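> I would like the entire structure built from these sequences, with the hints used as guidance.
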Amino acid sequence: MKRNYWLYIPAILLSVSTIFPVLWNIMGGFKNAKEASNFSGSLFPKHPTLNNYIEIINSTPFLHYMWNTLVYAGSVTIVALLIAAMAGYALARLDFPGRRAILIGILSTMMIPFSVIMIPLFLIVKSFGWVDSLWGLIVPSLFGAFSVFLCRQFFMGLPRELEDAGKIDGLSILGIFFRIALPLSRPILYALAIFIFLANWNSYLWPLILLQSQKNWVISLGISSFSTDHSTQWNLVMAGTTLAIVPTLILFALFQRKLVEGIKMTGGK
Amino acid sequence: MAWFKLGLAGSDSPPVQRENTRGLKRRTREALAAYALLAPAVLGLVTFVVFPMIYAFWVSLHRWNALSLQMPWVGLQNYVSSFQDTDWLQALERTFLYTVIFVPSLFVMSLILALIVKSVPHLSGVFRTMFFLPVVMSPAISGIIWTLVYSDRNGLINRYLEKFGIDPVHWLSSTHVALVSVVIVSVWLGMGYFMIIFLAGLQDIPKQYYEAAKIDGASSWQSFWFITLPNLRHTNIFVLIVSIIGSFQVFDQIMLMTGGGPANSTTLVVLYIFQQSFEQYNFGYAAALSFILFMIILVFTLLQVKFLRIDEE
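Chains A and B, in that order, are what the protein sequence lines are. Just so you know, my numbering puts the end of the first sequence at 269, numbered straight through with nothing missing. Just so you know, my numbering puts the end of the second sequence at 582, numbered straight through with nothing missing.
Keep in mind that the hints were calculated from the coordinates and are not lab data. What you are looking at is a predicted structure, and each value in this text was computed from that prediction instead of being measured. Where a beta carbon is used, it is the ideal one built from N, C-alpha and C, also for glycine. Take these hints with a grain of salt, some might be off.
[Claimed, not checked] Distance windows between CB atoms, simulated:
no.	chain 1	residue 1	chain 2	residue 2	range
1	A	Y190	B	P390	26 to 36 Å
2	A	M156	B	V377	32 to 42 Å
3	B	V574	A	R99	48 to 58 Å
4	B	D485	A	Y8	26 to 36 Å
5	A	L43	B	Q339	26 to 36 Å
6	A	I54	B	P341	33 to 43 Å
Put into structure tokens, the structure is as follows:
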């Protein structure tokens, strides 16, 4: 095979410019006010400081926003996974009247984008008394047709032998699902878990519609209001956005491979 | 295996008949277990997706401002009014313009990144990781970061332009440039995802095709044009349609970078619907606009289903 060494030029140019805004932002969080808003070309801070972080944490409920987001994204992830795996298993393995109709019904909800139903969803959640509460954030986010579909595809590809062994041992259908199929589906569940967690950690529009009081805010609302209030203090904005992306960067560093595998599965293959 | 277990179980009735009733019971039990497993997902999707959809249509047939208690039935009046609402028509037009710039840029960029990662002699994993990073970034927070990057005087880009003696560009404050600036951020956010999709597609092209082309004396440009692209057909359609659908729904990064400005030049459809519903409280009218958006997206969704099915046959 031909060695395309010239490819390093576009590869380096493009990859550096891709991550540069993020790097610049992270480094800015460690600079003082003057240096952060007056970029001289040097990425690294001349006098690294943690003052921006200390100021943010002391003067705003930033950690509280992050906690809210963690509770929200974390609980959605766990419950949504279970719901999707249960439904996916039934559709993949069990025989029952209406199976095809239910599958098509679930899949066709994928055609409905969030932006189309945000108004009625707000009205429904309001009638439940969940406006401005974490419940209103969590409950509507638990149900995803795509997760069900992904789990179904996974279970269909799983060999049946282990489940048959469970049947011989006298396990009920639910027993087989919880004791055998669910533990076997760990690989897909990990990938799906990261997707669901990221989507909810990063979500902005629904919290913006739903949440009013500051004590219920999630991180995206907190940081957007903070950056409007401190638009001239770039050191603080940069430190705040850095704090907000730390969890996503950690997930990225740990599970990049799983994410990539997960995306390959979504590519209509 | 099931018959074996049934044959052994119990001994108080004739085996043939017992097998029959046990068989029936087993099927009922299986159906019951299936419904129990499906119940949360189905109930949830009905309550929070299907019902809202029907509800949205019902709301769209009323003149309803959330600040008033009255909610008169107006039939299709809201839909008719949308055709006279120049702000809405402009938002639609801007969204089409956004799509026309965004979709090809995203397509070309993702494909270039995939080809680089695939063909670079070493360190392809490192490059892939760097290209992939924006995928995990929150669009909202990226909007904030890019606002600084685009800033008129001290922004990252204008600082570099200054070094090369180029006049600063008003990335977000000029009505001509803002839409393009927004597209750049959207491409940045999405290209890593589609790069992975392209990489998966490239993997499936048999190496022999390229070897055969080489023996026939094809240049690398020719083998890209006549082997790579046609063999990516399935992937190309997926990328195009998914990115078109996504481009009609963009909101977060725009809201935080420009809020729709300057002079509404980046007010795209979802932003306009958001303003109509949650700033003006015109729920009835905004619901009608949502439905129009749904119809547009539906066309592309059905196209996708159709194309991918044809491909499978």
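> Confirm or reject each hint.
Hint check:
Taking the beta carbon of each, Y190/A and P390/B are about 32 Å apart, inside 26 to 36 Å as hinted. Taking the beta carbon of each, M156/A and V377/B are about 35 Å apart, inside 32 to 42 Å as hinted. For the pair V574/B and R99/A, the supplied restraint of 48 to 58 Å is violated, since their beta-carbon distance comes to about 20 Å. At roughly 29 Å, the beta-carbon separation of D485/B and Y8/A lies within the given 26 to 36 Å, and the hint holds.
Checked against the given bound of 26 to 36 Å, the beta carbons of L43/A and Q339/B, roughly 59 Å apart, lie outside it. Under the hint 33 to 43 Å, the C-beta atoms of I54/A and P341/B, about 56 Å apart, miss the expected range.
Comparing the model with each earlier hint shows violations of hints 3, 5, 6; every other hint is respected.
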